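Asker: Kindly produce the complete structure, drawing on both the sequences and the hints.
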Amino acid sequence: MKIQRRRLTASIPSFAMGDIGFLLLIFFVILARAQDDSHIQWQPAKLKDVEMVAAPLASVAIDTGFKTYLDGKEISPDELASALSTLLGDTPSGQRHVFLKVHKEAKASHFEPIIAAISEAGGDLVHILEPEETRNKP
Amino acid sequence: MKLKRGKMLIDPPASASSDIALILIIFFLVCAAVQPETGLAQILPKTEEKKQQRDQSKNIEVSITPTSIVLNGSPLQLPAFAQRITAALKQKTRDADRIVVVKSSPDTPYPIWIAVSQAIEQAGGILTLELESERIINVE
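Chains as they are written, first to last, in numbering that gives the first Met the number 0: chain F, 0 to 137; chain D, 0 to 139.
Note that these hints are calculated values from the structure, not bench results.
Covered stretches of chain F, going by a simulated chain D footprint (3 or more residues, C-beta under 8 Å):
no.: 1; segment: 50-64
no.: 2; segment: 112-126
Listed next, with one range per pair, are the computed distances between beta-carbon atoms:
no.: 3; chain 1: F; residue 1: S92; chain 2: D; residue 2: G72; range: 28 to 38 Å
no.: 4; chain 1: F; residue 1: D89; chain 2: D; residue 2: P74; range: 43 to 53 Å
no.: 5; chain 1: F; residue 1: D89; chain 2: D; residue 2: P12; range: 45 to 55 Å
no.: 6; chain 1: D; residue 1: L28; chain 2: F; residue 2: E129; range: 14 to 24 Å
no.: 7; chain 1: D; residue 1: A13; chain 2: F; residue 2: K66; range: 45 to 55 Å
no.: 8; chain 1: F; residue 1: G88; chain 2: D; residue 2: I19; range: 37 to 47 Å
no.: 9; chain 1: F; residue 1: D48; chain 2: D; residue 2: L75; range: 16 to 26 Å
If you're wondering where the values come from, they're calculated on a predicted model, not measured in any experiment. From the three backbone atoms N, C-alpha and C, an ideal C-beta is built for every residue, glycine too.
Answerer: Structure (structure tokens):
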């Protein structure tokens, strides 16, 4: 006489599907932000009449130690133009936005070669700045 | 005689509190990451090395130092510079004449530089940077 082995079945609870889908969605949203440079330490300069800016194709930053970063990775200013050209590819002019985040204490010797490199790569330069607060005189 | 109504207490399941905390953390992380940014768009001519001496008489020249802004040889402060550059560019009609050559000393701070470049662009000028190139000369 054969005794049949009892099969164990394991099923994923269907009520958890919504939660799993939501977590996966958020996970991929965070992964999609490949050009994250939130770890870079810098303080923006303040200026009057700044405007909201469109999403960039690349982001260049100069931090408090005056080091240069492209999309969060350190890069030398000499290599920046070619790296940017590769990133921007054949994107038509007007959509080749490159964010430039310069620490407010940086000098011309730090940021001018970077601006020249962005210009050489054909990027549409956007300086990231903080709006200056207007003080009302009493 | 008053009868007391029994209160129904519903506790959220304790096993779900870690899930709730995780979702809240991720929610605020995403909110912080997608904050819109403000800035100033700038149109710059493509970088090129000029071997020939350019005609200096046609273009407006601006020199920036940490303490002053020099427009065609006369030192100014920012408000006066904005007025003078607007007046100077009003007379120019062709695009080629609206080029403003900006030369900065190496120790020029970024806030001053960006304020000057904004004043030039608001006056209708086309900003062009003049960078000093390094040359190595071997002396025998």
